[in-house]
Structures are given as structure tokens and as C-alpha cells.
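Residue numbers (numbering that gives the first Met the number 0), protein chains in the order written: chain A, 0 to 309; chain B, 0 to 309; chain C, 0 to 309; chain D, 0 to 309.
One thing to keep in mind: the hints can contain errors.
When chains are identical, the list treats them as one kind, so a pair holds in a single copy or across two.
DSSO-like cross-link-like pairs, simulated, lysine-lysine; straight-line CA separation at most 30 Å [to be verified]: (1) Lys-40 with Lys-220; (2) Lys-108 with Lys-294; (3) Lys-294 with Lys-223; (4) Lys-19 with Lys-223; (5) Lys-215 with Lys-108; (6) Lys-10 with Lys-215; (7) Lys-215 with Lys-40; (8) Lys-40 with Lys-19; (9) Lys-10 with Lys-40; (10) Lys-215 with Lys-294; (11) Lys-285 with Lys-108; (12) Lys-220 with Lys-285.
Derived by calculation from the structure, the hints in this document are not laboratory data.
Number of protein chains: 4
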Amino acid sequence: MIKNISNLQAKLQELIITQKNLPTQGHVADYIPALAEVSPKLMGISVATIDGNVIGAGDYQIPFSIQSISKVFGLVMAMNRIGDDLWQRVNMEPSGQPFNSIIQLEWEKGIPRNPVINAGALLISDVLTSRFSASKLAFLSFMRSLAGDDNIYIDNHVYQSELSHGSRNAALAYLMKSFGNIDAEIPDVLSHYFTQCSISMNCQQLATSLLFLANKGIDPKTQKVICTPRDAHRVNAILSTSGMYDQSGEFAFSVGLPAKSGVGGGVIAIVPGYGVICTWSPPLNKFGNSVAGTKLVSGLAEELGLSIYH
Amino acid sequence: MIKNISNLQAKLQELIITQKNLPTQGHVADYIPALAEVSPKLMGISVATIDGNVIGAGDYQIPFSIQSISKVFGLVMAMNRIGDDLWQRVNMEPSGQPFNSIIQLEWEKGIPRNPVINAGALLISDVLTSRFSASKLAFLSFMRSLAGDDNIYIDNHVYQSELSHGSRNAALAYLMKSFGNIDAEIPDVLSHYFTQCSISMNCQQLATSLLFLANKGIDPKTQKVICTPRDAHRVNAILSTSGMYDQSGEFAFSVGLPAKSGVGGGVIAIVPGYGVICTWSPPLNKFGNSVAGTKLVSGLAEELGLSIYH
Amino acid sequence: MIKNISNLQAKLQELIITQKNLPTQGHVADYIPALAEVSPKLMGISVATIDGNVIGAGDYQIPFSIQSISKVFGLVMAMNRIGDDLWQRVNMEPSGQPFNSIIQLEWEKGIPRNPVINAGALLISDVLTSRFSASKLAFLSFMRSLAGDDNIYIDNHVYQSELSHGSRNAALAYLMKSFGNIDAEIPDVLSHYFTQCSISMNCQQLATSLLFLANKGIDPKTQKVICTPRDAHRVNAILSTSGMYDQSGEFAFSVGLPAKSGVGGGVIAIVPGYGVICTWSPPLNKFGNSVAGTKLVSGLAEELGLSIYH
Amino acid sequence: MIKNISNLQAKLQELIITQKNLPTQGHVADYIPALAEVSPKLMGISVATIDGNVIGAGDYQIPFSIQSISKVFGLVMAMNRIGDDLWQRVNMEPSGQPFNSIIQLEWEKGIPRNPVINAGALLISDVLTSRFSASKLAFLSFMRSLAGDDNIYIDNHVYQSELSHGSRNAALAYLMKSFGNIDAEIPDVLSHYFTQCSISMNCQQLATSLLFLANKGIDPKTQKVICTPRDAHRVNAILSTSGMYDQSGEFAFSVGLPAKSGVGGGVIAIVPGYGVICTWSPPLNKFGNSVAGTKLVSGLAEELGLSIYH
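All chains, full assembly: derive it from the sequences and hints.
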């Protein structure tokens, strides 16, 4: 799709300059103080391809809080660990509701609609907490190994902030427990969840670490099997229908790539057979997705004809 | 993806035989008598490719009631007629609700979640009724011209049956009207809607007529522009996130193609850049999707590696 | 409770003067033009007692659109006509939802929560339409006979206005029909419902006509049995838990009488064993209840210690 | 209303015998083991009058778990402590939802519909926990002083059972906290709530202790002011519209008294100006109300003409 990598590098540069010159839209997440402190001006983009190129522009090497992007990695770990049993406890349907809605969880008797809304990610945190002796360390190791970079850490300031503003996630977790769909103790589940959300990574690390999803489950850097081709397919399907919260349909409609956003301002998009795009810009729209980050992905996808819907 | 058309023909035959030998699962739609009369044993599959092949197996030349598959054609007509104004009146998000749910329509103030749930299709019927002097004839002409076949008719028996069991759709339409989102008179809107649902077509005609969605909006048979590439993309995106009712996520997860089902037992699936699959088998699962029809699409997609999520 | 009728007359006068001197709060119903034209300054109160006194103050002899107050009369007619069969088709629970909400009706499979929300009143209109050869005339006759006054009419201007703005009620009726809970044709049901809502009466007529509910079902003016003591009890119970829309709990909490309001600005309140209060003032609060009308009832009830909760 | 107390005593005896001879309907609460162990055969009734009579029949002196009946007492304590500020944090409307529903709490932004559903009682537990240095002791003292009987205890077996099955209440509490409507720490709020639910009392103690609600806030045994007349009125109003969970409307319709039930099988009913009825029988109907207990109240109310709706 892209013939020349230096042309692509120039394109990334151009997209960043265009976006930086636009007036800032959206608002930096402020539900926890640690996120509210981040400068709204920071902006980065990185592209990693399965044939080995990794490029970027703007602040693509500055780490940020990955937040809900961590749900993608947690999902892969849980699928690897318990296989299809996972789908007895979480559905794979789009939610049609705001991302942290408790209403649907009650309607559907404690079964989350999908693994990338908060309830689903808490359920997966329960799986990981229950099945790994040290689930937080295992998670961090998984991230470092995928990125091929040990320079990835948990931001303790963010973690503490999450913990002290975690009532809504606690409500979701206790509701699932009341339906018998949580095994571990809730404080342990929340602690795992807030830990994985508090990991800091930069655009380049994220793009690199997700290449296996564009490559049928195999990390092209190491040729290691990260997951089965079927599971890579499934993750991409879930990200396509549900990855961008209650704006997933619009993102499919206008961009057309499996993607996941986080309230730290990051967005990752998978281009099956080609590579991964990661963008970052903290100000969010009302759906919780990065305004400029979404536009950067959209601009690049359109320019290069990357959409899976043609 | 498929090298040899006679191999494909043999594959279709094999899939039909396998499915026919399985015990029948699901139930033929019985909310209207006219549909309940159809034999549950009928089963067909057809594939049309953008390079001109059209093949089929089983009862692929027996016409059936296209029902909600008509929503795809109505959507294209409405986009062509009023352009982006359409998206002020209907959203493009998955619904997370059963297909004819009135709850979400009330929550969202009369704006349907997307154009392929009933409320959205009624809204589109309003657009067509209001903008065409004879919308039913225009619709039928559009279908005949896309199929390249004038031998397509409205089943009046089905139409009368729909009309006399249309209370729920009437409720949806009146609710939208109460929010100011319907222009025409409700009986006219319903009459158009039930007419387009009552069209009979066979698998071959449906597969052939939708090739433009696999070919960036251009009908490969005639080279006519049916819609813009952008709109072909958009329809495929909507079908991917919402085309299979409240089983859309699972269909993406396990099959991975833009698709639309109807309660007459038909399923169409778009393979961008390649062609269209249409299957038919009347018994439906609890979501309103054909059990065997879904399996036929799934079997073929897996065999040939057609998924857009790789 | 009240020793001296001329003291009571003076009290009514005083309440009206106090309320008239307050700045107007609330807004006259404007969902139909015919109601929006009424002067917000009009205000009346009337009290009828079971021992034969009828007094009033302010504009208590000016007729207004009774609107939802008609639901009380329709309920009595339907109970008389089909007895306990009625309660197979409508519940008697408070709704916990805005008065015309369609969400609850879907949840509860077409069974309205109670007979004094719109869905319930439409169901009762279906009962009346199906069981009386000329239900509108029967209704009007019932009203005239209860008031002992033939000078009661249907306001055709209001009726036409309701008809042309009736989409939401049509949606409710069609939804119930889709669940099999409506027998008659919807246009007939709506026509009956809008007719009974369009009756004009004044405070004195309304207070007089409802005395049977304060007197165990017997009209004290004529000694005629209007309904059984049990049904009088039941109507009062329903009005206590559900008569003031989604403000019923607050009205019980602060006033403590079975009551029903209409968007024409009328409020009736039953004082079992004593009599009936009717007030009128067109401006409504956000719940659809008359602001000043509610205060007039409240002031009188508190002054005279009328609450049933002591 | 009742002329002769020995006639009343005979009536209670007769009601108990009639009910005991009927086949048992309903099921003993089994969501916690400690409640499931109670014999379904136990059944008692007691009546206390404001003029000083206290009688009973059946097992009216055997203590049982008061469960949600404790909400009445908590409400009175909270009104006394913080006055009308309470109504900024909890509404007074019927819920129209099952008693522990989390859906409505989300819709209404963490404001419980009323103080006698679980969410409302948890909010009141927060008020008590935050405003009393030892809220559990204060609660127990209040109960003993109202009953005039120090022989009232917390059942520690029930309390531990509640604690270990409290996920749903935890979810409700955390959800309110996420909306800023809980001040104290959730474990403290839950501990208070489960403590008050775990108090054991018998029918006679409960009937006696609630006489102030039938007597404008004054305990007739001691002439002490327990609450203002206005607050006694308000509690009775809330119990009338909301005290019997999602069967409150039906209870008003068929019985007509302010009442509160608990899943331990107790039911209390206030007869303003006369006295209090308390019944007990563990098997519950689908709404969580005692089947026989409700019938005992109903039978007595009808026999004696106690309904407030006449």
C-alpha cells in the first residue's frame, strides 16, 4: 500500500503540522487529577509495519497513560489463558451504551457486552488475577516483551489517582460479583485493572507491540506466536465493532480500521496485513476519544486507502 | 482468492449437502402467516464475483421474501437522494438492542441508532416516500436494474400480511413522528416499507445486484456508478457493525464480512474487492438470522479466507 | 372537619388572592395550539361536600379542558363495564416514569403500569370503544349525569388540535396492539381518547361530579350507586399512588390526598368521607401539574387537616 | 373502629387459624443462608393501639429478622438528624422498579427514588454513619427505647451472612459514591446497613414501637415526641406509595394502609389515628413480600374498615 517509507515519514510530519495548527478541540480527561495535568498540546503519531519499518512524527516518543488501550493486551492474555471459556462470561456484541454504563450490565445479568467496555475489562482483570500468581507483573512483562523494550513502567501517580476515584468501576465489579461472574476479591480485581490502565508507553512502543494483530498472531519482529490466527481475527473484529466506545460505528463508517482508544489520548489502529498506527493527543471528545488522535488516524487511512471496508 | 471457478462450484455444492444433512435448527418466521408457509427445507447459495462469475447451488434460483435485506438498497437510494443530510436524521452506531426495540428510540429522541434496524429503515422509507413521486415503483426499478433482471416482483400476499401485522412498526414510526423525525404520513411510510420488504428475489439475483458494494460503488456488469466509493465504504461499515441484528458482533467475530439478513431466511455478505455471497434457508435463530444461511456464509468465508479482519 | 361553610368560603377567597398575587410560575401547555391560547392568569377553586355544600372562588365557573382528569371517569366506566377483567390488561402500580413514557410499556410487554398514565387511559379507551356502541356519547352522558348539568360539551377546537398532534399516543396504542392488548382499531381508540380529553368543564362541575369517590361510590346528590365501595376505594388508591404523574410521591408526601391533574391546568382531589376539591390554573410545572392549582389544594388541605396520612 | 378488644383478640386468632390451614404459598428468602433456615410454618400477628392495647395471636412473640422494616426507623432517625437536607439527596417518588434495581439509580444520577428501596436505605445509612459517632449503637438504642423493651438484639449470624452476600448492595453504594452522593467509606455504610437489617424483633415489639406514626409523631406510651407531625405524615405517605416494593400499588389498591415489609417475612401497617398492625410469616411472593403476612393485614383491614382510602 505504501511504496516508499520516506514518503510516509513526510506524510506523518505533514499530518502532525496540520493538526497542530488547528485550534484545540475537546477536553483533557479530568476525572482523575493525574490525567488532567497533561499538556493538551502534545501530539504524536507512529507507524510500525510488519515488514519492519517503524517511523513517527511529533511527540511519538513521549510516554503517556495507555488507559483503555491496555484492554487489548488483557484480552489477548485472557484468551491465551482460558481459551473459549472466556466467551461464557463475556459477550462480543457492541454495547450501544456509554462505555461505563451499568444499565446494560444489569439487563444482561452480569455478562458484559464485550471485553473492551469497562465491565468487560474488569471481568478480564478477574480472569488474570485469578489465574496468574502475580498478574500485574505478568501483564507488565507481556507489554515489555511485545514492545521489545524493558523501558516501560507503571505510573504510580496515575495508579493512586485511579484507586481513589474508582467508585464507578467498583460498582460495576460488585454488580458482576452479585451475579456470580467474578471469582477474585473485588479490591484485587480493581488493583489489577488500575495497574494495567496506569502503564505509560509512547506511540512507537504501542505501534510496535501490536504488530501481531496485523500479522495473524505472529510478532514479525521475533516470529513468536503471540496468539492464534483465529484469536487475532477475533480481537480485530471486536475492535472494529466496539473499540471506540459509543463512536465505534462512526469510526468504522468514516475510517474503517479495528481501533482502540484510551482516555489518556492514545488511539491504536490495526491494518491487517500491513501494520499498526498509534496516535496521541490528550483532548477528548464527548465519547472519550482523542479528537486530534482520531483525525490523524483518519487522515492517514484515507490518504493510503487502508480501510478494510474499501 | 479463488483460483478456479469450478472448484468453487464444487465447494458450494458440498456446503449445501453438508448443511442439508444436519437436523434443522431454528424456526421459520411466523409473525406473519405468509412467511410461516415457506418450507424449512429449502436452502440455496450463490456467489457473484466482480470479474463476472455467477454460480450457485441448492435452491439458489427459487425466489424468497427479501425482507430486511431490502434495507441495504433503501439506504443506497436515500444516500443518493439526499446525501449527508441523511445523517442528521439517523445515526450509524450499533444498537446493542433487539432489532425492533422501541426503548432506544425513545432514549435517543426519535433518532434511530442506524439505518438497518427497523426504526432506521422506516426513516429511510420516509425519505423515499417524501422525495420520490412513486417511491415503490422507483424502488422496484432500482432492484431490477441492479439485478439486470426484470423478473422481480412484489409478493402481494406477503405485503397484505405485513400490513395487517404492522402494529410494532407503526409504533416506531409514530414515535419518530412525535419527535419530528418523519415528514410523510405514517400509512404512506408503512406502505412503502412493507412493499420493499415484500419483494421476492432469489440468491443469484441478490448476489448479482449487490456487486457494486464490493467494487467501490461501480456495478462491474455495466460499469455504471451506483454510488460513490465513500458511500460503498459506509454501507459496508454499517453492515459490519450492525447488519446481523443483535448478533452482529458475533458474526464479525466468527465470520468477518459486512452482511445483512432478513427474516425470510436470506443472508447477503459483501467481500470487498472480490464479490458477494447470498444464502437462503428459512429457519431463524433467536436473533432473527437464518441458522443454516449463516453457517453457509461462515463455511465459505473460512474456507476461502475471505474475512476482512484477516 | 370544617364547621362553618361561610368560613370555608372566606378561606377559598383568601387562597385565590394570595396565589394571584404571586408571580406566575410554570408554563401553559403548548404541545397543542388550542391549549396554548388559554390565559395563564385564570385561576379557580371549588369545594363540594358530601353533605351538599358547593362553593367556589376565582374563575371556578369558567370551563377549561379537563384533559387527563377524564381518565378518572373513564376508569370508573370501564370497571363498571368489564369488572375485574380490566386488571388482566392494566396494572395498578406507580410508574416511576414520565407520564407518556413508552419504555416501560415495552419492558412490561404492552401492559400499562396503571390506568392513569397515557398508555393505561388508551387501553381503557379501547375497552370503552369496544364495549359501547357509541362510546363518546356514553362518556359525555356519564359526565353530564354525574355533574347534574347538561351544560357540558366537547371542545371541537381542542379535539382537532389533539388529533393532529397525537403521534405519541398513537405510538403507545400501536405498541400495545403489537402485544395483543388492544382490540379496536387504533384510529377509533385515539378518537375516543382525544374526545374525552377535549371535554370542557369548570371547577364546580368537576368537584360535584366526583363526590361519589368521597362517598363509597354513592352520589350523595342523587343517592345513585355510581360504583361499588370497593371500586371507589380502588380509584382513590390509584390516584394516591399515581394520579399526579411523576410527582405523585411528592404530592402524597406534602399534601396527602388522592388526586388527578390534567395539562389543561385542572387538579381534582378526593377527601374520603368529606368531599372533593377542584382547582384550576393553566401554567404547569415540569411534571405536567398545575403549579398554582397544586398549591391551592395543598394550602386548603393543610389548613383543614384533610390529609389521609394524618 | 373497634369497640371491644376481646372481640379483636378473637378475630386475630381466627385469621391466624385460617391462614395456617391454607397450603403454604411462596418461598422463604434464600439469598442468605441465615434467613433460609427459618421455618416457613411460623406465623404471627400483633395489634397495638394508641389508646394502649397490645394484643397478638400465633407466634407474635417469637423474634425474627426485621430486615427492610428497619428502613422505617432509619428514615425517622435521619429526618430528625439532618431535616429537609435529606430530600436533596433522596427523592420521595415510587420507583416502578424491583427493589434493588441499579438501573434507575444510574438514570437518576445517583439520587435514589425514595428512602425505602435499598439504594435509599443505603443513603440513609450513610447519613447515620456520618452523623453519629456510633451509629449502630444509636440505632439499637432507638429501637429499644421505641419498643420500651431492652430485650432487642442484633443477630450476628444474620449479619455475617449479609456481609458475605452483600455484593449487590455494595454495587448500589459505590454507584452513588461515584455520583458524589455518599460521604462515608462504603464498608462502613454497608456495615451499618447490614447491622440494622439484622436486628431481631417480634410482632409485638414492632407494632408497639411504631405507634408514634399513627399518632402524629408522639409515642402514646410515653408521650415523647419521636418526630414532628409533618414527618410522621411524610413517612406514612412514603410507605403508602413505596413501602411494599413493586407491589405497593396493588397493596394500596386492595388494602389501603401505609406499610413496610421485610424479606424476613415481617409486614408492618400503620393505621393513622388508631394503631399499628404487625404480621409475620417467612414465605415470600415474587415481589419479596410475605404471602400470608400480607393476607393477614388485608383480612384485618377489610374486616375493620381500616383503609385510608375508604
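Status of each hint after checking the structure:
1. Lys-40 with Lys-220: neither (32 Å within a copy, 51 Å between copies)
2. Lys-108 with Lys-294: between (37 Å within a copy, 28 Å between copies)
3. Lys-294 with Lys-223: So Lys-294 and Lys-223 fail the 30 Å test inside a copy (33 Å) and across (32 Å) alike.
4. Lys-19 with Lys-223: This pair counts as neither: shortest intra-copy Cα distance 38 Å, inter-copy 41 Å.
5. Lys-215 with Lys-108: Result: close neither inside a copy nor across copies, 34 Å intra and 42 Å inter.
6. Lys-10 with Lys-215: Result: close both inside a copy and across copies, 27 Å intra and 25 Å inter.
7. Lys-215 with Lys-40: So Lys-215 and Lys-40 fail the 30 Å test inside a copy (36 Å) and across (38 Å) alike.
8. Lys-40 with Lys-19: within (8 Å within a copy, 58 Å between copies)
9. Lys-10 with Lys-40: within (20 Å within a copy, 56 Å between copies)
10. Lys-215 with Lys-294: both (27 Å within a copy, 23 Å between copies)
11. Lys-285 with Lys-108: Both: 28 Å inside a copy, 18 Å across copies.
12. Lys-220 with Lys-285: neither (37 Å within a copy, 44 Å between copies)
In summary, the numbered hints that this structure violates are 1, 3, 4, 5, 7, 12.
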